[in-house]
Amino acid sequence: DVKVTQSSRYLVKRTGEKVFLECVQDMDHENMFWYRQDPGLGLRLIYFSYDVKMKEKGDIPEGYSVSREKKERFSLILESASTNQTSMYLCASSRGQGALPLHFGNGTRLTVT
Amino acid sequence: RKEVEQDPGPFNVPEGATVAFNCTYSNSASQSFFWYRQDCRKEPKLLMSVYSSGNEDGRFTAQLNRASQYISLLIRDSKLSDSATYLCVVIPNDYKLSFGAGTTVTVRA
Chain A
259 DVKVTQSSRY
269 LVKRTGEKVF
279 LECVQDMDHE
289 NMFWYRQDPG
299 LGLRLIYFSY
309 DVKMKEKGDI
319 PEGYSVSREK
329 KERFSLILES
339 ASTNQTSMYL
349 CASSRGQGAL
359 PLHFGNGTRL
369 TVT
Chain B
43 RKEVEQDPGP
53 FNVPEGATVA
63 FNCTYSNSAS
73 QSFFWYRQDC
83 RKEPKLLMSV
93 YSSGNEDGRF
103 TAQLNRASQY
113 ISLLIRDSKL
123 SDSATYLCVV
133 IPNDYKLSFG
143 AGTTVTVRA
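Chains as they are written, first to last, in our numbering: chain A, 259 to 371; chain B, 43 to 151.
Honestly, the hints are just simulated from the structure, not real lab data. Don't take each hint at face value.
Stated by the list, open to error - Computed cross-link-like contacts, DSS-like style, restricted to lysine-lysine with a CA-CA straight-line distance of at most 30 Å:
1) A:Lys261 - B:Lys84
2) A:Lys276 - B:Lys138
3) B:Lys138 - A:Lys315
4) A:Lys328 - A:Lys276
5) B:Lys121 - A:Lys315
6) A:Lys261 - A:Lys276
7) A:Lys329 - B:Lys87
What the hints assert, rightly or not - Some residues of chain A that are not near chain B, with every Cβ distance over 12 Å (derived):
8) Ser266
9) Gln295
10) Arg302
11) Glu314
12) Lys315
13) Tyr322
14) Met346
To be verified - Ranges of calculated distance between the beta carbons of each label pair, as one might list FRET restraints:
15) B:Ala71 - A:Gly298: 33 to 41 Å
16) B:Ser94 - A:Leu269: 23 to 31 Å
17) A:Lys315 - B:Ser68: 14 to 22 Å
18) B:Ala71 - A:Ser323: 39 to 47 Å
19) B:Ala71 - A:Lys315: 17 to 25 Å
20) A:Arg367 - B:Lys44: 32 to 40 Å
21) B:Ala151 - A:Glu327: 48 to 56 Å
22) B:Arg101 - A:Ser266: 46 to 54 Å
23) A:Lys261 - B:Gly58: 47 to 55 Å
We put the CB at the ideal spot given by N, CA and C, even for glycine.
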């Protein structure tokens, strides 16, 4: 069974802090994704990566960056956290060409105060 | 206009009832469609794909209407365990999925 693990379930950070969200998958998937989920807006793609050291902007990349130094790990970085980045962050991975089926991690609920 | 729109609900139905809801999409070139299920405070999980000719998986039936650009999900003989938020997913290109905001279904005893 595919496992996508996010390092933290809940995080509370202060405005202006640098925040790292880590995601690890154990199924040798090529593709990894970061989404945020907000009520009424659904899941919105922040960044994705289809190979090591490759990254592509999603729909809402502003204020975020990513790092994929190893195939199994995809990190989301908030350079200077702001209150409007309070959200549920979901990491996902998939194999090969195309995005589906997506396997999600169980999410990190980030609160920025 | 959002790429994918869903009626947020909630749909409150008694056990055993049939419930159906749609998801409309704006990109006519979209090729692939899926329904995901998300339980409260959990991650989304793939429920079923949606094929052009329509498809069933047990009590769940998915349909695609390309002319009107919507997909639908019908749940027959609802169970308490069907209570969840159902997300539709549309793929306009290979990697960038578009998610709907979800339709909440609550099945009551």
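Going through the numbered hints above, which ones does this structure break? Give me the numbers in ascending order.
5, 9, 10, 11, 12, 14, 15, 16, 18, 20, 22 and 23
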